[in-house]
Amino acid sequence: MSNENFQFGGELTSDGAHLFPVRIYYEDTDFSGNVYHAAYLKFFERARTEFLRAHEVHHSKLHDEDGVAFAVRNLNIDYQRAAHIDDLLEVSTSVVEMKGPKLVLEQIIRRGGEIITKAEVIVVAIKANGRPTRLPETVRRAFS
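For what it's worth, this note's numbering labels the leading residue of the sequence shown as 1, then goes sequentially.
Derived by calculation from the structure, the hints in this document are not laboratory data. Note that the coordinates shown come from a computational prediction; the quantities given were computed from them, not determined experimentally. Hints may be right or wrong, so weigh each one.
Unchecked claim - FRET-style restraints, in silico, Cβ to Cβ:
| hint | residue 1 | residue 2 | range |
| --- | --- | --- | --- |
| 1 | 137 | 36 | 38 to 46 Å |
| 2 | 58 | 82 | 30 to 38 Å |
| 3 | 96 | 46 | 15 to 23 Å |
| 4 | 25 | 65 | 20 to 28 Å |
| 5 | 104 | 26 | 30 to 38 Å |
| 6 | 56 | 113 | 27 to 35 Å |
| 7 | 79 | 11 | 20 to 28 Å |
| 8 | 72 | 9 | 19 to 27 Å |
| 9 | 53 | 106 | 17 to 25 Å |
| 10 | 27 | 134 | 16 to 24 Å |
| 11 | 13 | 78 | 16 to 24 Å |
| 12 | 67 | 112 | 40 to 48 Å |
Cβ coordinates follow ideal geometry from the N, Cα and C atoms, glycine included.
Make the full structure from the sequences, and use the hints.
Following this line, the structure appears as structure tokens:
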């Protein structure tokens, strides 16, 4: 993704994946100048939110209309390379599986074509009582 194509919120690709740009700032790094491991969690979280928005799925609307929220059930991160201050990264997010209350996502952070970090994220739809519930139909339609 070049700077000329930067769009707040990112962009959808023809296959339904979502690309989200992230600039690395000083606050994202540790004493060595590398991105601190927990910062990648923020990048993945922001990208997932924008991925949902790009598919017209909004957290507040799900909560208000369906009484549903998403909770991360499992997150597996593979750190392959270090990112550094001033890097422009791109987070891709795509659906791997939908079943019952579960949505499995693949997220990949790249610098140019180089893979920096990969994650498999399992989120589940939950009701206010914390119990899992089937993914709302609006979510199923958005990703089918």
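Assuming the hint says 16 to 24 Å, is it satisfied by the Cβ distance from residue 27 to residue 134 or not? About 39 Å separates the Cβ atoms of residue 27 and residue 134, which means 16 to 24 Å is violated.
Within 40 to 48 Å: is that where the Cβ-Cβ distance between residue 67 and residue 112 falls? 42 Å, holds
Range hint compliance [Cβ, residue 96 to residue 46, 15 to 23 Å]: 19 Å, holds
Against the range 27 to 35 Å, how does the distance between the Cβ atoms of residue 56 and residue 113 compare: consistent or not? 30 Å, holds
Residue 26 and residue 104 - C-beta distance against the hinted 30 to 38 Å: Roughly 34 Å apart at Cβ, these two residues keep to the hinted range, so it holds.
Tell me if the beta carbons of residue 25 and residue 65 are separated by a distance inside 20 to 28 Å. 36 Å, violated
So the hint says 16 to 24 Å: do the beta-carbon atoms of residue 13 and residue 78 match that? Check passed, 22 Å falls within 16 to 24 Å.
Can the suggested window of 30 to 38 Å be confirmed for the beta-carbon pair residue 58 and residue 82? Holds - the Cβ-Cβ distance for residue 58 and residue 82, about 34 Å, lies within 30 to 38 Å.
Using the C-beta atoms of residue 53 and residue 106, is the stated range 17 to 25 Å upheld? Given range 17 to 25 Å: holds, Cβ gap about 18 Å.
Outcome of range test on Cβ distance (residue 137, residue 36; 38 to 46 Å): Check passed, 39 Å falls within 38 to 46 Å.
Could you check the hint for me, namely that residue 79 and residue 11 are 20 to 28 Å apart, CB to CB? 25 Å, holds
Mind checking the hinted window 19 to 27 Å against the Cβ distance between residue 72 and residue 9? 21 Å, holds
Going through the hint list in order, the structure does not satisfy hints 4 and 10.
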